[in-house]
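**Q** Which chain is which? The protein sequence lines are A and B, in order.
For the first sequence, the numbering used here assigns the number 3 to the initial residue and increments by one for each residue that follows.
For the second sequence, the numbering used here assigns the number 26 to the initial residue and increments by one for each residue that follows.
Honestly, the hints are just simulated from the structure, not real lab data.
It is possible that part of the hints are untrue.
Think about it this way: if two alpha-carbon atoms lie no more than 20 Å apart in a straight line, the pair counts; the simulated EDC-like pairs of lysine to aspartate or glutamate are [stated by the list, open to error]:
#1 B:Lys274 - B:Asp284
#2 A:Lys203 - B:Asp287
#3 A:Lys227 - B:Asp327
#4 A:Lys185 - A:Asp144
#5 B:Lys450 - A:Glu8
#6 B:Lys480 - B:Asp452
#7 B:Lys325 - B:Asp287
#8 A:Lys203 - B:Asp400
#9 B:Lys471 - B:Asp402
#10 A:Lys26 - A:Glu8
All of these numbers come straight from a predicted model, not from anything done at the bench.
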Amino acid sequence: MPTKIEKDSVTGTETTGHEWDGIKELNTPLPKWWIYTFYVTIAASLVYYVLYPSIPLVSSYTKGLLGYDQREDVARSIEVAQAQQAPMVSRIRTATLEQIRADGALNAFAMTGGRIAFNNNCAGCHQAGGAGAKGYPNLADDDWLWGGAPDAISGTIRHGVRSADPDTRQNPMPRFGLDGMLKRSEIEDAADYVLSLSGAKHNEAAAKRGEPIYAEQCVACHGEKGIGNPELGAPRLNDPIWLYGGDRASVIESISNSRAGMMPAWAGRLDDATIKMLTLYVHGLGGGQ
Amino acid sequence: MDAGPLSTPLYADRVRVYPRRVRGPYRQIKWALLGICLAVYYLLPWLRWDRGPNAPGQALLIDMEAGRAYFFMIEIWPQEVYLLTGLLVLGAVTLFLVTSILGRVWCGYACPQTVWTDLFMAVERLIEGDRNARMKRDQGPTTLLTVGLKTAKHGVWLLIAAATGGAWVLYFNDAPTVTREIFTGQSTLSVYFFIGLFTATTYLLAGWAREQVCTYMCPWPRFQAAMQDEHSLAVTYRAWRGEERGKHKQGDSWEGRGDCVDCRACVAVCPTGIDIRDGQQLECINCGLCIDACNEVMRKVDRPLNLIAFATLSGETARAQGKEAPYRLIRPRTIIYALVLLIASAAMLAALLLRPATELHVLKDRMPIFVMLSDGDVRNGYTLKILNKMRGENALRLTLEGLPGATIAVAGTTGTAAALDLEAKPDAVATFQIHVRAERGVLHGKETPIVFRLKDGGGNEVAKRETVFAGPGQ
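Turn these sequences into a full structure, and let the hints guide you.
**A** Shown next as structure tokens:
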């Protein structure tokens, strides 16, 4: 601090007493209104610290006098939203799938709800829009393992496939190669016959040899000429849609080692209304029967 | 040397302006335009226009909630707001053209700030008296009469302001309905808010701020110079005729002196409180009231009229030297503005007349991009949005080109042909989820170009969209 306040001779303003090579620094403090506004903001922040959650502690934080909590805020918002949806949801719970379909507004609500539920729960495997991936069925096409009628779709969602649910869809296909049920050459012949069913590229002679093997080992589930059996979850083999790949090597691998995709049961995890909405959505993706 | 840097304040105090009453042709024009402008503003929303059932019957209505704007026979959807932009462009160019020819007549005669200020000043004169009476009262002691008169004045001002704010909301609502609701207290909060907002701005801007709006707030005076040149008309004091100014007694000779008798009538009537004899100024709004005031005086002293007149800079320069200067209306500037105006109007008109009554938008589903079906066919999904801007049902037929043998169907149904009948509700956007199914053999690679066409009942094509059909390729 300068011992004596010096005034600049040109402007008449006080100097800070700092001087560099004869150049003196004028003391031009911040405007009063600015300073006081700043003090007010400090005071306001202190009030905030007291009223709201603010200071992080080791395993907790100061809760504030108002007891405000963002999680509660969100929970309340969700409750409000659910209360708004409640009339629609309760109608969906009691209506049959056909009744929902027939009601334009209800159907639109169900389709939107179904899409959201699908994206939250199903799209991880089945992909957005039900596009599917290797091992995860495409839900937009007209080929269904366990049936594409609304009831069948609903059943699959509820009980899952090879899940822990007692009513789960279940169909163990034998591991023809791994368990030594067929020789390697027989498996290859059978594979050629299977490829021939959908008109894919195959070895004609091998397919001829494979036909009796198919008739003996496969026809019980996959049906005559590979028409499949949704009752048993046996895939159609006479179309160009392949869950695990339609090339010869993939088919051989399927016969040798079997395939056993899994899907969790959603009954209990999703409520009835949501499962109904999901059913409608999946059915409406384009392949519904 | 002790005087601080701010020995004089940075802000000049406002000098209160007490404009005097004036009579004359320019005042007449100003009254007429004031009447027309106010009549248009207050009455336009009440004009009715029959658009048939299910459509508002108001000639001019901006319906924010429904997203429609109505201008007599024209109806505008939100995406056509460019037409309003175009209207503003036309307004701006027209302003440029008028300014290049007549100077700032917009400011002096038609600007809402001028119109409402003029109206408020008329009310003020009616209640408080003319210039001298008002000045005397404001300088004198505050009496009961002063308080009474001022209260009456502000009361009338607030009434006018409320009517102004009230008329504003009529443009955004059905006028008779909303008027009834306003007075019965049933209107929405936003209606009351906007009435309050425009009441406040009208009262403050026309009652208190007045010429300060033009001088300090409005950007227009700042760049008007770009539109004007030495051939633009402007209210001008003919200094070559008026100087040397001085008092004149009846009978004195006019030899060796100017015509200006320094009566300051031009200053007294000026609504912005300037002295036009100082030359062209930013504050001058070109209203011409000083011309009326000066001519009154010139008649009394029996000198030629128009010592102050609408004149051009080049004309006055020539006259000062005793030469005649023809008035040049056609100049590169006016030609360019007129051309721009013409082109912009033509483009606007074309855009208005050529806009389709039906629009088709196609969004290709991206997930999945395509679906292989059991019989080897390929299916693509599309979301169609059909905008039907007409007031009637629109029975449309959607056809597809580019995929021989393909079928179209609304999602969930089975298609039989490359055509589909669709109903578009009146004045609405209809959304359809459709599936197109084609044999793999007709596809060209991974993306096959296709065209959707919409035809009306008479078989005329009303809209088309090009898009692609995706397949597995090979």
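**Q** Against each hint, give a clear statement of whether it holds in the structure.
**A** Hint by hint, here is what the structure shows:
The hinted pair formed by Lys274 of chain B and Asp284 of chain B meets the criterion: a straight-line CA distance of about 12 Å does not exceed 20 Å. With a C-alpha separation of about 110 Å, the suggested pair Lys203 of chain A and Asp287 of chain B falls outside the 20 Å cut-off, and the hint is violated. Under the criterion of a C-alpha separation no larger than 20 Å, the hint pairing Lys227 of chain A with Asp327 of chain B is inconsistent with the structure, at around 120 Å. Straight-line distance between C-alpha atoms of Lys185 of chain A and Asp144 of chain A comes to about 34 Å, which puts the hinted pair past the 20 Å bound.
Of the supplied pair hints, the one linking Lys450 of chain B and Glu8 of chain A is violated, its CA atoms being roughly 84 Å apart against a limit of 20 Å. For the given pair, Lys480 of chain B sits about 18 Å from Asp452 of chain B by alpha-carbon distance, which is consistent with the 20 Å threshold. As the CA atoms of Lys325 of chain B and Asp287 of chain B are separated by approximately 14 Å, the hinted pair is consistent with the 20 Å bound. Between Lys203 of chain A and Asp400 of chain B the CA atoms are separated by roughly 16 Å; this keeps the pair inside 20 Å, and the hint holds.
Restraint check for Lys471 of chain B and Asp402 of chain B: satisfied, since their Cα atoms lie roughly 14 Å apart, inside the 20 Å limit. For the suggested pair Lys26 of chain A and Glu8 of chain A, the alpha carbons sit about 10 Å apart, so the restraint of at most 20 Å is met.
The structure is inconsistent with the numbered hints 2, 3, 4 and 5, although it conforms to all the rest.
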